[in-house]
Structures are given as structure tokens and as C-alpha cells.
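Q: With the working numbering applied, the sequence shown corresponds to residues 6 to 1231, in that order.
Source of the hints: derived by calculation from the structure; they are not laboratory data.
Nothing here was measured: the structure is a model prediction, and the numbers come from that model.
You may find that some hints are simply not true.
[Claimed, not checked] Ranges between beta-carbon positions, derived for each pair:
# : residue 1 : residue 2 : range
1 : Leu912    : Asp960    : 54 to 64 Å
2 : Arg1160   : Asp1044   : 23 to 33 Å
3 : Arg311    : Pro974    : 29 to 39 Å
Backbone N, C-alpha and C define an ideal beta-carbon position, used for all residues, glycine too.
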Amino acid sequence: MLAVSPEVKTNALQKANFCSRLFVWWLNPLFKIGHKRKLEPDDMYSVLPEDRSQHLGEELQGHWDQEVKRAQKDAQEPSLMKAVIKCYWKSYLIWGMFTFLEEGTRVVQPIFLGKMISYVENSNSVALHEAYSYAAGLSACVLLWAVLHHLYFYHMQHVGMRLRVAVCHMIYRKVSVAWNHGALRLSSSAMGKTTTGQIVNLLSNDVNRFDQVTMFLHYLWVGPLQAVAVTALLWMEIGISCLAGMVVLIILLLLQSCFGKLFSSLRSKTAALTDKRIRTMSEVITGIRTIKMNAWEKSFIDLITRLRSKEISKILKSSYLRGMNSASFFTVSKIMIFVTFITNELLDNLISASQVFVVVMLFEALRFSSTLYFPMAIEKVSEAVVSIQRIKSSLLNAVLGELPPSQGQVSVHGRIAYVSQQPWVFPGTVKSNILFGKKYKEDRYEEVIRACALEEDLQLLEEGDLTEIGERGTPLSEGQKARVSLARAVYQDADIYLLDDPLSAVDAGVSRHLFEQCVHQALKKKITILVTHQLQHLKDASQILILKDGKTVERGTYSEFLKSRVDIFSLFEKGNEQSEPSSVPGTPTVISESLVQSLQSPRPSLKDAAPEDPESENIQVTLPLEDHLEGKVGFKTFKNYFTGDTYWLVIIFLILVNIAAQVAYVLQDWWLAFWANLQSDLYSGAFVKENEAVVFFLNWYLGVYSGLTVSTVLFGITKSLLIFYILVNSSQTLHNKMLETILRAPVLFFHRNPIGKILNRFSKDIGHMDDLLPLIFQDFIQAFLLVIGVVGVMVAAVPWIAIPVIPLGIIFFFLRQYFLETSRDVKRLECTTQSSVFSHLASSLRGLWTIRAYKAEQKFQELFDAHQDLHSEAWFLLLTTSRWLAVYLDVTCAIFVTLVAFGALILAETLDLGQVGLVLSLTLTLMGMFQWCARQSAEFENMMISVERGIEYTDLEKEAPWELEYRPPPLWPTNGRISFSRVNFRYNSDSPLVLRNLKTSIFSRQKYGIVGRTGAGKSSIIAALFRLSEAEGGIYIDDILTTSIGLHDLRKKMSVALQEPVLFTGTMRENLDPFNEHADNELWNALEEVQLKESVKSLPAKMNTELAESGLNMSVGQKQLVCLARTILRKNQILILDKATSYVDPRTDEFIQKRIHERFAQCTVLTIAHRLSNIIDCEWITVLDSGTRKGYNLPYNLLQNRNSLFYKMVQQLGEVEAAALTKRAK
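Please construct the entire structure, taking both the sequences and the accompanying hints into account.
A: Shown next as C-alpha cells:
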């Protein structure tokens, strides 16, 4: 478990000297650890002070705030791009100079190469020592290029990381920080439009574009500038012929510009589709219990698969554009060389061998900057622009108050504590949830525990108040979560308490205890505003405010109402008349005047509150750090990825196309060497062009050369497009397998794994498989085959080259293996630490209103920054370890180039011109390509960790099959008779029993009530009945053992409405009938049953009214009624109501209960309720306590036994209500 508290660790980079920084020696101790064992989080170096999330976020936020003010002053749209430029332009400009120098050294290299070939071509005119100086100059240029290249890329990646971290800080701040001095943040209305999925996608995919765009942005100006310099040098060598080759480059650049516009358009569309998919996935994970109990898994798999198919169609188009870019890197330099030499021939110009290879190497100098980095810059800038626009929209999405009053003013003086209607707990211990950053005081803590009736519950928990609570509150029940939330508020010792109906989630006895001991006693000296439907507490209120449609109906004290002879209860009845519909729907509440204006929103808007409590401490949020595999990525992972949805014939065809493309590529260089020898003879006058044999050979050479060029282009494009097609489809296949396996996993899996962790797999890991992995694999396979081909040609041309090549290959192999031992673990740590960022984000979004009410935004921002810093530790190591490998590889390559350069001069007399030119030019080609191949192969294996993590989600434990060979009769169950035979039930093998030796029978078509104290095991009966976990013993429905049939056959035949309502983003119609199975009249009838018909009819779009994510724009009671209507539509023989109307006012509840009893008179109805009035009319009642049956009889019979638990529960309601219930029970 990872408790986030910033721990001071040193970073070796801070103490490193100049040479250590230059050659990345400071990482050597980490590689030694990685070589010995698996890396753990504690092995990571701390984040650099200047890279801390808080520092970076506040720096960029300052520039953004200035930009917003400037835009408001000038009546313009603020530009996030301008704020980013103002923040980072200095450091970015400085390192831009380095890439200018780096590419300058690349352009100079062909000049030294030409001078060396001139020595071999005409040794009489060039002195040997001068040739050696050229070789030394070439070696120095190569070494300088290696140093400058990696310095530039390291610092640009570092800038990209800092920008990403800063933007993530700003997004979280926007989401969490309350209104303060005009600062922006996400309001209630904005949260209705901005979903968790969108925010997760922003933080997982959009901001990642900044890591990539910074590396290539400078090539937008360096590439064209280098092309101009190369053109000038080419003109000096061969004159006007060079323009033909440059025309090819200009055409390519124009095509890249068009590609950039297409990238931008496709990226924008893809991002919107990804948002929708991640949003839906988030809602599925959140509502998984409801989805499973309704047997909706297949329907949601189909829905998300359709969304994914739309998304993948856009990704494929983008991938084909990337494939064309990749093909251009492979082929364009060859096309430019070919067109230039053909033009030179057509102009009848002679050319020397040295000029041939200088021209070749000058065009090759453009290979990376103009045909690789420039197109990538256009692509990444296009994507980043879209991401910046999306992030800017998020930052500007709604300004100022939660829902500010349209008139008047809300003034709050003092510290506020708030208990939300749906209780919120965060990952951590029960104790940390109660303390919520306050210092622990034992006497005060014990007093709060007693007042909130938590003593018995903490005794039942194995580790007491040190029990870890999961993201969803596991293992606490809803009632226990409500009391922990209440205890949190009471412990804060605030001045004002806003209690939004916390009593609805607990049983009558606990409710009375909470009101008397907590609200009435512990908070007696506090201003307490209680929203409640429990009217028995009215007499104890100092002031009563009754609302309807957001307006005050009546106000006053209880005695004033009695004196004026106003029947309070009749006011509530009016709210239930269909002729006067409430606002979707209005529920009358007892509340004080202070909160009137903010009732337009279900959440409070807090300003002018008291300063922060000096006794506060850090909030201890505990998030589980994901387990990660160790060692190599297994062969099974590669096999599953490449052959997921692809026939072996396609794989074989791909291999053959790659080989053919590489053969054509290297044969071009080989053939060029022969042609250079002929050109040298022509240039020296040994042959003349008028000779027929010479003409024949020239035409023969040019014909073959043309064929090889055309083959290189065709095979190069084919292999690139095919690779992207296969790998993107593999990503699609893996996503679909993950999705199906996730939805087949038991509910326990979702309790154990935070939403952020699961969404990380479906957002970032899938994003890597969609975008980065195909590109990296394409780069690797292209570079690998190129290296093999080039080395083969070099050895064939000059066999002694094998002497330095063999040890070079061995060194590269061992360096790569040594690097991977560490980098694999670093990559896995990077993935797992980012999951914690998403989990904290998801938890914060669920408790947003509570966090704001307690003015804990800054504390949660600090926690977010701590998670970001932990992720930055892993990310920084990931990019620096990659640079470590690159530097060592390129320095080794520089030594290899030096050996070959001097060796070629020493053996010049034994070699012909073509051999020397070929070997030297190919050696320079290897300089960048060798290390690129090794790095990309390592990066590819690192990226395969995303595939590994995805495949891990295809091998999860599954619940029982949805269908079995034995199927129950089509009309089963006809009677709805249920029997429990010695049932023991626990949620997992490690947890204690929650139902013990349960024996009970539920007769056909009768109404059963199940009651018991909070945490007694009432909801566990439903979990056992629906087989959310497998029970011991037997549960029979109409004499069929439930374990003998498939889960869907079982779950589809029972209708259930749960205490925690689940709604999805979409229209009212889509929430009532998610899969379009019912006619309109059925939907309206269901709404009428729950008293929502007139309310929905009054809406502008009626049934097509859009609901926000999770029904944010509705109260909990309203959401419960929508879910109840959805349940009624299923028309099953068995109906189960698990506290389904706990947040609805009593009059509406009474009416609905009556309608259900009438409507389902021929059905078996199980009702679990805290309100005893809901079950007193049932034919039979089962009383539970601590998972065992303590009573089972007719309601009246149970009440006759004064020692029964049910009798005691009824008496706790007070004499009047107890008498009324006893009378109803007769």
C-alpha cells in the first residue's frame, strides 16, 4: 500500500559533475541495482526540486492567469499556447541552438568524407597526413554530433515532461479548487458537461502529446534550414542537377503540410470518440453491480465495442498517414539521389566517384531532419494543437460559483462541515477518513465514535478503525459509510454543520441514536442545518423550512405551526399530487433559511468561510500500488499481440515484403558503387561516352538502378501500411478481449481495484498500443533490417570490416540486455505510479463537493502533486535511462567510425574507389542507425509492457458462466418461490462470513420484508441470491438450484432496485430503457408508477432530456425513482427492493409502496428497508442480526414478543409511531 506523503530522497543528478551529466554516469548505480534484482519504488531517485508538480503548476498557472486577464481586457479568447510559450521559451530557445549545431555537424561530415575519397581517387594530389586530418575531422564531427544530439533530446524530453506535469496540475486545480478571488474551477454545471472519462482522457492521452511534441518542434525550422545548406553544398559539387533532388524534397514537405491538416482533423475526431469510450467505460465500472444484477454485460460489451470500432476507424486513417511518413523516411533519400543522378546523366555532366558519395551522404544528412523529424514535428504539433484546444476548453469550462443566487446574497461566516446525501469515503483507513487531516485527540475521537454509533461496527471489523477502505468504501455498508462521513464532520469541530439527509441510509434505531446523541447532543452548541424526510424530528428543530419547486412553502418553529393550526403533514401531501408536479421531482425538505438560495444545486456553494484550521495535518490517503511483473516480456505476450486477429499468411507476407524492401534498398547502394567506378573512369578520361559498350553499360546500370529504386518505394510503402494495419487491429482485438474479460470478472475484482487503475489500462495502455507501439515497431524493424543489410553489404565489399563489426555487435547486444534489466522495471513502475494519479483523480471527483465544503482543496491538490511527483520520478528515470543507452551506443559507434575511417586510409591501395566510398558512406549511415535500432528495440520491448498489462486483464478470474447447457424453462419462475437452505456467504475467501447458516423460505406471490441493524447482512442476502459471490449451501427458486443454471438465466428473471442508484450519461429515455426494448407507452406508465410522469412531461425535451454523468443534475431521491421505474419495466415474477426509496420523502415513499403492492400483487416481492413503515404491510418479515436470522414470522406476531429484536426496533421509533405500526400490522 502506498501512503502518499512526500519523502525526501536524493537525486543523484543533483550531485553529478559535468562529465557525469554529459555521459549519464550518474545512473550507473541504478543499473547495478537493476542488474541484481527487481527495482522497487524506493529505488527511484526523488524528483528534482525544479520538477515538482506544485512548482511547475503554479508557474504555468501564473502565466495562464495573466493571459486570461489580457484576453478579457482586449475582449479576446485567451490562448493557452501563448501562456506555454511565455513560460518555457527561454530554455526552449537555448536548447534549440544545440540542434542547430548538431545538424550542422551532420552536414559537415560528407565534406570530410569527400576529401578522404579524393585521396584514394588521386593520392598524388593529396598528402597522407592531410587525409588523416580529414579522417580525424570526420571522427570529431561524429563524436560531437553524438554528444549534442543526446543533450538536445534529453533536455527537450525534460521540457515536455515539465509541461505535461504543469498542465495536469492546472487541470486538477481546475477540477478541485473552490471559488476564491476569481480563480477558475469546475462548477456544478460544468461537471454536468465534463465527465470523469473526459478528464481521465485529458490526463492520460492529451497531455502525453507534450512529451513528444517538444522533441521535434525545432525541426520545423532546422529541417528547412538544413535543406537550404545542403542545396548550396550540392550546387558546389554537381551544379544545377541537385535541384531535381530538392524538388522531390519540396513536394514531400508540401505533402507533409497536407498530412498535418489531416492529422489535426483526425486527432480531434479521435479524441472525442476516445472521450466517449472512456466515459462509458468509467460509468460501466462505477455501475458494475447494477449491470451484473440486470445481466446487461453483453449489451454494454456491444455498446463499447461499437464506440471502439468508430474510434479505431479514425486511428487507422491516422496510422496510414504515419505509415506514409515512415515510408518517406525509408525511401525519399533514395528517390532524391536517383532523380539527381538521372538528371545529371540527361544533362551529360560528368561526375567523379568522390562527388557521387558526397552527393549521397549530403542527401543522407537530410534523412533524419527532413524526412523523419520534420514530418513527425508536423504530426505531433497538429496533435498537440488539438490537445491544447481541448485542455483550454476544460480550463475555461464554467467560471465562478457553484450555482450563484440569481438575486440576493448568501453569506457564510465560520468553518463549515458537510455531510453529503450519498456518503463519500476515500482510500485509506477508517480512522484517516474520520480525522480528515485533523490532529488525533483520543478523548474527542472516542466521543465522536460513540455519538455516531460506530463502536459496534469497529469491533466487527478485523482491524478496527485501522481497516483499509477501498475506493468504493469496501468493506463498509452504505449505512456504515454514512456514519463515517458524519463522524468526519463531527470531529472537525466546525461552526456550521450542513447535514444532507444522512439519516436515510441507516435503520430506525441507529437513526434515532444519531439524532439524539449526535445532532441533538454532540452538535448542540453548533449551527446545524439538517435536510431530512424523517418528520419525527421536526419538534426538535429550532426552525422549520418547507420547500417546494425551490421556493419556500412555509417556515417557522414547530410550536408556531401548532398554534397556527397548520397541518405540516398536509403540506407534504400537496407535493405528491400529480396535478402539481415538482421539479423532476421536487421533494419537500425540512431545512433552515441559510441554505435556501443554494437549493438550486444539490451541493453547497461556500464562500467567505473562516480561515484554515491551525490544527490540521496532511490527509492520509492510501492507494494500493499495482503489482507489476518482473523480468523479460514473455514470448506469449509477443505471440498474442502479433497474431491476435491476424492470419499467419498475412504475417508471412509481411515478413517477405520487409525482406524484399530491404534487399532492394541495400542493392541500390551496392549498385551505386559499381556505377561510381564507371563514372570515375569516365571522369578521368579512361572511357568516353561515345563508346557503344560504355553507353550499353551506362544504360544497363541506370536501368537496374531505376528498377531497384521503384522496388524500394513500392515495397517500402506496402510494408509500412501493412505493419500499421496489423498492429492497430491487434490493439483493437486486445481491447475487446480485455473488455469482455473485465465484464466477466466477479464484483469483488472491482472492489479490490480502483477505478483509476482499470481506466489506466483502457486509456493510457490502449493509447500506447494504438499510437506509439506500431510506430516504434515500424522504426525498429526498419532500422534492424537496414543495419543487417548495410553490414552485409560492407562485409561483402570489404571483408576486413567484420573485424570491428563483430565486437561492435556483441557490445551492442550486451549493452541492450544490461539496459533492459533496469528499463523494464522502470517502465512498469511508470505505469503503476500513473494509475495512482488516476485513482486519486477519480476519488476526488466523487468527493468533490465534500472536499470543497471542508476547504480541503489545497490538501487534496498537494496529494495530487505528491502522486504526480512519484510518477515523475519513474518518468524521469525512463527518459534518462533511454539517454544512457543512446549515449553509450553512439560513443561506441563513433569509435567504430574512427576505426573504419583510418583503416580505409591505411588499406587504400588494396581497395578500389567504389569500395572505399561505399564502406565510408555506409559507416556514417550506421552511425545513427545502429544506436537507433538498439534503442528502438529496447523501447519496443518497454512499450510491450502495455500489451503485457492488457493481456493480464484477459486472464482474470471469471465468475460462473452466463449460460450453461442446462437452461431453465422459458416461463421460469412461474411461482417465485425462494428457499435458503443452510446458506453461508462471504464476499471472498479471506473475509469473514456475512451470512451464517441462513434457513428461510419465501412463499409464492407473497410480500416479504427483511430488516436489521445497519451491517446486519440484509443486502448480502440479495448478493447471495444474485450470485455476486458464490454461497455455501443451497438457494432454490421454484425448486431449481440457482448454481445449476447460468448467471444470466438467473439474473434476468429477477428485478432489483438498489439503494445506490446508477444512471448513465444520456437521455431520460436511454436511462429507463438502455437497450431500446420497450415502447414509449410502457416508459410513460413506469414513470407514472413512481410519480415522475408529469415532472418529465414538463421538461422541454421530455423523455429526451439529457442527464449528466451519473445523474449529477438530479438529487439522489430523484435518481432512485428513475432506477425504480427502470426496474418496474422488467416485469419479472420476483421483485427485490433494497432500500430503493431511502432518499425519497415518506409521503412519496408511502404512495409508491402502495402502488408496488397493487401492481405486483401476483409477484414475489422482497423489500429491504430502514423505514419500518415500508415493510410492516408485508405478509412475512425476516429479522437479521450479524448475518444470522433472529426472527421470522408475521409482523404482528413478531410485535407480540417483547423480547424480539423487531419489537425493540419498532419501539425505538417512539410511542406514537410504534402504536401506528402495530395497528397497521394487525
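Q: Look at each hint and say if it fits the structure.
A: Right, here's what the structure says about each hint:
Hint check: Leu912 to Asp960, Cβ distance near 58 Å, so the stated range 54 to 64 Å holds. In this structure the hint that Arg1160 and Asp1044 lie 23 to 33 Å apart at CB holds, the actual value being about 31 Å. At roughly 33 Å, the beta-carbon separation of Arg311 and Pro974 lies within the given 29 to 39 Å, and the hint holds.
When the structure is compared with the earlier hints, no violation turns up for any of them.
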